[in-house]
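2 protein chains.
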Amino acid sequence: MMKQMTIYDIAKLANVSVATVSRVINSTAPVKDSTRKKIEALIQQYQFQPNAMARSLLKKETGIIGIIVPDLTNPFYTEVLAGAEQEALTTGHTFLLTNSVGDYQKESQYLSIMREKRVDGMIFLGGRINLKIGDEELDQELIQHASTIPTVLVNGTVKGNALTRVATDEYTGTCMAVQHLIECGHKQIGFLGGEMHMSTTSTKLRAFKKTMREAGLEVREEWILTDSFSIYSGRKQMEKLLQLADKPTAVMCVNDFVAIGAIKTAVDHELTIPDDMSIIGFDDIPLSHHFIPEITTVSQEANELGRTAIQVLQKLMNQEKVKKHTVIEPKLIVRKSSARLN
Amino acid sequence: MMKQMTIYDIAKLANVSVATVSRVINSTAPVKDSTRKKIEALIQQYQFQPNAMARSLLKKETGIIGIIVPDLTNPFYTEVLAGAEQEALTTGHTFLLTNSVGDYQKESQYLSIMREKRVDGMIFLGGRINLKIGDEELDQELIQHASTIPTVLVNGTVKGNALTRVATDEYTGTCMAVQHLIECGHKQIGFLGGEMHMSTTSTKLRAFKKTMREAGLEVREEWILTDSFSIYSGRKQMEKLLQLADKPTAVMCVNDFVAIGAIKTAVDHELTIPDDMSIIGFDDIPLSHHFIPEITTVSQEANELGRTAIQVLQKLMNQEKVKKHTVIEPKLIVRKSSARLN
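Residue numbers (the numbering used here), protein chains in the order written: chain A, 1 to 342; chain B, 1001 to 1342.
Chain A with its partners taken away, still in its complex shape (with noise of 0.2 Å):
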């Protein structure tokens, strides 16, 4: 390992103190000029590369944004992040990213490390900021760090909206998805996936029953089988939907993950989708463009939604005002796991 200069060597050598060389290295006020020269021929000479630590303990600025994602392996967080991470360049921020798994205890720990990194700014992707029935204690947890940390919260809230948030109009969406079943002719109508206690499946689950009541369509709560946001979940509720005597036409799934998994079950029971039932899942991950058959979904703008994240967090960073929640609309892409009732 080759040794690499630090500040302290570098005023021993000039016989100043660490402070100057601070001063002179980020010229945050006047150093006699022979002395300002000879440390700048000495950070030349050794080449010396500031230590951004160093430097951000006297600028308090760390050029981290800390980012905590619930799960890496879902292609709408890493769209939204690749978003972000577009717009942090432009500031020359870096992500501290990590991934809570969805688990609260997780998150803890890495609200602490964010804390200790002392990070410019925190956005926050997910977990129990989704929670339905908000958990007073995490709410407060989080709100807590956020009066030292400029936050942002996407697509998720605390007790009272008390942070600022970047959200899709998921209610808006599923009501476009619905729609556009019932568009087609559907009057039977299931709802698939997506954890009973996160809002983004009540939210949904709404918006779903709100449009069926609207169209005069009965709402069955047989059909409505929710579970988790994976694959696997989309594959299981699919199986029990299967084994019901009377099924319905169409289903609306929670994300694009269980639309997979149902379309993936439905057809290993030799349906063909969608002349046999149609299939609409919501995010638009890119891969529900080259599924077979490709799937109808309600795009959740993931790009623009982590760019915008990033804008807002931008403003608060600098003290600017913004608005306390900013809403990113969202779009029905129909594709071929849907179409008219034969």
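Worth flagging that the hints you see were computed from the coordinates, not collected in a lab. Check the hints yourself; a few may be wrong.
[Unchecked claim] Which chain B residues stay away from chain A? Per the calculated CB distances, all over 10 Å, these:
no., residue
1, 1013
2, 1078
3, 1247
[What the hints assert, rightly or not] Here are the simulated DMTMM-like cross-link-like pairs (lysine to aspartate or glutamate), alpha carbons at most 20 Å apart as the crow flies:
no., chain 1, residue 1, chain 2, residue 2
4, A, 336, B, 1087
5, A, 106, B, 1270
6, B, 1236, A, 294
7, B, 1336, A, 268
8, B, 1106, A, 87
9, A, 12, A, 33
10, A, 336, B, 1268
11, A, 236, B, 1120
Built from N, CA and C at the ideal position, the CB exists for glycine as well.
Here the structure of chain A is known, so what remains is to put chain B in place on it, guided by the hints.
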């Protein structure tokens, strides 16, 4: 914003030097009993949270492992990361994760950032280290960084194999896949996808050609259609392949993404997979198990690869002896996109 106490504030209140407070926090040297008690009381009173940066400046450790990933939207990498994260939690390290999108200039930028942030170690997951003919300057830059930061390369190398690496045996994996097709009775086999200047492509192509020749089969250059690693690439190259008068009965794809695209386009052209053509991928991304048809592939053991990379890095960081080259054995996973030749 709440005012956070710093180590400087505590030192001032205790009327001692910052170094003394640091000694108490880190137990690095004895401090007079009365002084220690005074400092501990202040830490207690103000609920002072020792700043990780300040502490690590003294300990010269940051607790951060820097990771450079070429493509976060490819599930292979997120699976490697999931394994790496599990392992890193055992030593309390967190990841400074950066996405280079395969751009060498961005890689250089991120390497500088890693050095600036004084990461404890670094995992390089692809990009310049995958070049078939390494670039002298890019290699030198990386070797230079690795001389001050313990570094592990995953599935790649630099000139003279100068750095520590962990890799799947892609050559053997490809031989297994091609052998499987040959055993299914296929004699006319093509190869799709991958960039020719990347070593993963040339390694797999070498294995492909060698297995074909050893079986006495002809390698047809017009059936070798390289391009890139994306789903789109698979679609485009299968489109070209299907325009040929004489087509292969089976194709080996450089990865699962290319296989997904190839199957999608073949099906769009009314082919039935595997009856009309066998198509094999590489990587075993989770989706290959849920695609229609389920994809025969070679598992890179992504999770194990990630865990192993961190284990090797931890040894490097502890200045323990490590093998310069750790090999992970691939596994052939036969599913439904390949079948006996009719």
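For the pair supplied as a hint, residue 1336 (chain B) and residue 268 (chain A), confirm whether the alpha-carbon distance does not exceed 20 Å. holds (12 Å)
Taking the closest pair, is the beta carbon of residue 1013 (chain B) still more than 10 Å from chain A? holds (19 Å)
10 Å Cβ clearance of residue 1078 (chain B) from chain A: violated (5 Å)
Can the restraint linking residue 1106 (chain B) and residue 87 (chain A) be considered satisfied, given a maximum Cα separation of 20 Å? holds (14 Å)
Are the Cα atoms of residue 336 (chain A) and residue 1268 (chain B) separated by 20 Å or less? holds (12 Å)
Within 20 Å, alpha carbon to alpha carbon, are residue 236 (chain A) and residue 1120 (chain B)? violated (43 Å)
Please work out if residue 12 (chain A) and residue 33 (chain A) have their alpha carbons no farther apart than 20 Å. The hint holds at about 18 Å.
Holds or violated: residue 336 (chain A) with residue 1087 (chain B), Cα cutoff 20 Å? Distance ~41 Å between residue 336 (chain A) and residue 1087 (chain B) Cα, so the pair is violated.
Does the alpha-carbon distance linking residue 106 (chain A) and residue 1270 (chain B) stay inside the 20 Å limit? Roughly 48 Å separates the two Cα atoms, so the pair is violated.
Residue 1236 (chain B) and residue 294 (chain A): Cα distance at most 20 Å? holds (17 Å)
Is it correct that the beta-carbon of residue 1247 (chain B) has no partner in chain A closer than or equal to 10 Å? Its Cβ never comes within 10 Å of chain A, the nearest being 20 Å, so this holds.
Against the hints set out earlier in the document, violations occur for numbers 2, 4, 5, 11.
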